[in-house]
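Asks: Protein sequences, first through last, are from chains A and B. Numbering of the first sequence is given in the numbering used here, commencing with residue 1363 and proceeding in unit increments. Numbering of the second sequence is given in the numbering used here, commencing with residue 8 and proceeding in unit increments.
Take these hints with a grain of salt, some might be off.
Unchecked claim - Below, simulated EDC-like cross-link-like pairs (lysine to aspartate or glutamate); rule was C-alpha separation at most 20 Å, straight line:
{"no.": "1", "chain 1": "A", "residue 1": "K1407", "chain 2": "A", "residue 2": "D1448"}
{"no.": "2", "chain 1": "A", "residue 1": "K1564", "chain 2": "A", "residue 2": "E1542"}
{"no.": "3", "chain 1": "A", "residue 1": "K1407", "chain 2": "A", "residue 2": "E1381"}
{"no.": "4", "chain 1": "A", "residue 1": "K1564", "chain 2": "A", "residue 2": "D1515"}
{"no.": "5", "chain 1": "B", "residue 1": "K27", "chain 2": "A", "residue 2": "E1542"}
{"no.": "6", "chain 1": "A", "residue 1": "K1407", "chain 2": "B", "residue 2": "E306"}
{"no.": "7", "chain 1": "B", "residue 1": "K27", "chain 2": "A", "residue 2": "E1492"}
{"no.": "8", "chain 1": "B", "residue 1": "K27", "chain 2": "A", "residue 2": "E1473"}
{"no.": "9", "chain 1": "A", "residue 1": "K1407", "chain 2": "A", "residue 2": "E1475"}
{"no.": "10", "chain 1": "A", "residue 1": "K1407", "chain 2": "A", "residue 2": "E1523"}
{"no.": "11", "chain 1": "A", "residue 1": "K1407", "chain 2": "A", "residue 2": "D1426"}
{"no.": "12", "chain 1": "B", "residue 1": "K27", "chain 2": "A", "residue 2": "D1453"}
Think of the hints as simulated: they come from the structure by calculation, not from any bench. A quick note: this is a predicted structure, and the numbers were derived from the prediction, not measured.
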Amino acid sequence: MIELRNVAYSYGGGELFSEISLSLGPGTFHFLTGPSGSGKTTLLKLCYGDLRATAGDVAIFGEDTRRMSRDSVALARRRIGVVHQDCQFLDHLPLSENVVLPLTVAGRAAEAEGNLMDLLRWVGLGAQAEQLPPELSGGERQRAALARAVIMDPDVIIADEPTGNIDWEMSQRLLTLLVELNRMGKAVLVATHDLNLIRAAKSQVQARILRLSNRRLQAAGADL
Amino acid sequence: MKVRIGLLFGLLAGDPQADKAVPPTGFTARLTVFTSAAMAFLAVFALALSLATDRLATRWAAELARTSTLRISAPPDQIDAQTRAAIRLLETTPGIIAARALSADEQRALLEPWFGPDLPVETLPIPQLIEIVEDEAGYDPLGLRARLQAEVPGAVLDDHTRWRQPLVAAAGRLRFLGLVAIALIGLSTAAMITLAAQAALAANAQVIRVLRLVGARDIYIARAFVRRFTLRAMIGAAIGMAAGMLAVAFLPQADMAGGFLTGLGFQGAGWLWPLTIPPLAAVVAFVATRAAALRTLREQS
Ligand SMILES: Nc1ncnc2c1ncn2[C@@H]1O[C@H](COP(=O)(O)OP(=O)(O)O)[C@@H](O)[C@H]1O
Ligand SMILES: [Mg+2]
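Chain A with its partners taken away, still in its complex shape (with noise of 0.2 Å):
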């Protein structure tokens, strides 16, 4: 659904990585892992459209991206879900419709009735539904932040350390959600450097480990 071949960013300095090749199909689960300034964050924005290659190719649901108007940009981001790294709300806006910001931008807010109070009970938030983001604790704005990236119910579900400031207990929890969604056949693309939560989802889920460093994406697993 996803797809980057030989693709190379720069900011306008040197290459930040270059030769990178990657397939995010139905049902695939990938982690992506790399020291602290190796291009993870910028090579999950290239993968939802947020910035365009230097080099190379990338299509999204089969759209090239450097052909794909703005408006076909914002089409296709309701289509992914993304947990960005510094979780990005509306704060002024309660939580709760924060959480279907998706829809409501979509013109689909009345299909939240249901789901949103199941959605946020499920990572764990229910009491929180009225409260504005910044009075909540950095771990329940990266639930929160994964409920807004799920209540859209997408194909491809991309995760730039969802895990950063949260507890063990809830990263699990957190983990098992994502290993849910990729059941139901979404990719999933999660950036981490916690290889404790890499680990963890070994045993319940087929996942590829990418590691950036160097400029280059190697397949890694063995060392972990």
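Place chain B with the ligands on chain A using the hints.
Replies: Coordinates of chain B with the ligands only, in the frame set by chain A:
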């Protein structure tokens, strides 16, 4: 334009969800309302000026086109002969449609305000008046005077309304300047609303980033801003218009010198004209904000 206006009303009917996505920004809101109010206030005066000068120009032009008069002062026994000669002469002058000697009754009516109704016009040595009706182009007064002097020595051509010619031109120019002022007011409003919208967009960069992340299209994001600015501009303009109309309504009456001046106010249906200002301000704000928002959103990525 029809599509735009349809869109405009669709917009005002509103999508409260989209509206909520952008937090209210006090500073740009107040700036927009104030600017629109001030501009609408000025527009009312520019409009009043245009309408008043239009009335003036129309009235004076009509008077100009109407008539001049020829006055024949001669000994009583020569008056009839000279009058006939003058009329013959006038009727063959290019630019003159008709020439007609006023009857004794008409002359009496003209003098009545000064001398009362019983004036024995026939027995008094008062001059005979001939009314001249000109065509559009008019006649050549110098040539006519020369011919009159030779053939009708007692005739005096009185084309007193001619001095108003430059005034009619001035009134026309003033009306034009009023319209230019209205156009400038519209452009300034657009410019200021564009700046305010850009400030609001910049202040809400984070909000825009979040909306993008969850798949909002540019037009959705733009709409949240456009709707606000359109409403604010319309409200501001309505306030400014009301204040302007009150100010014009309470202008001292300048209708002096027998209607020589028509006064700067609105007359009759003219009062409806200022009512177009708030909707026009809304259209200006709509177009300006929409262009600014879509441009900024394109540039931001
Ligand atoms: N918008 C940007 N402009 C310039 N450089 C950037 C930008 N974003 C990230 N970088 C740089 O690119 C490198 C990779 O960043 P990032 O993709 O966030 O890495 P990671 O997620 O692996 O920590 C870093 O050195 C960072 O400073
Ligand atoms: Mg990162």
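Asks: Hint by hint, note whether the structure agrees.
Replies: Here is what the structure says about each hint:
1. Restraint check for A:K1407 and A:D1448: the C-alpha separation of about 13 Å stays at or below 20 Å, so the hint holds.
2. Among the hinted pairs, A:K1564 with A:E1542 is consistent with the structure: their alpha-carbon atoms are about 14 Å apart, no more than 20 Å.
3. For the given pair, A:K1407 sits about 16 Å from A:E1381 by alpha-carbon distance, which is consistent with the 20 Å threshold.
4. With a C-alpha separation of about 24 Å, the suggested pairing of A:K1564 with A:D1515 is violated against the 20 Å cut-off.
5. Of the pairs offered as hints, the one joining B:K27 and A:E1542 is violated, with about 33 Å between alpha carbons and a cut-off of 20 Å exceeded.
6. For the suggested pair A:K1407 and B:E306, the alpha carbons sit about 18 Å apart, so the restraint of at most 20 Å is met.
7. About 15 Å separates the Cα atoms of B:K27 and A:E1492, which keeps this hinted pair within 20 Å; it holds.
8. With a C-alpha separation of about 18 Å, the suggested pairing of B:K27 with A:E1473 holds against the 20 Å cut-off.
9. The hinted pair formed by A:K1407 and A:E1475 fails the criterion: a straight-line CA distance of about 30 Å is larger than 20 Å.
10. For the suggested pair A:K1407 and A:E1523, the alpha carbons sit about 13 Å apart, so the restraint of at most 20 Å is met.
11. Taking the CA atoms of A:K1407 and A:D1426, the gap is about 15 Å. The hint holds against a cut of 20 Å.
12. Annotation: proposed proximity of B:K27 to A:D1453 holds, straight-line Cα distance about 12 Å (limit 20 Å).
Of the numbered hints listed earlier, those contradicted by the structure are 4, 5, 9.
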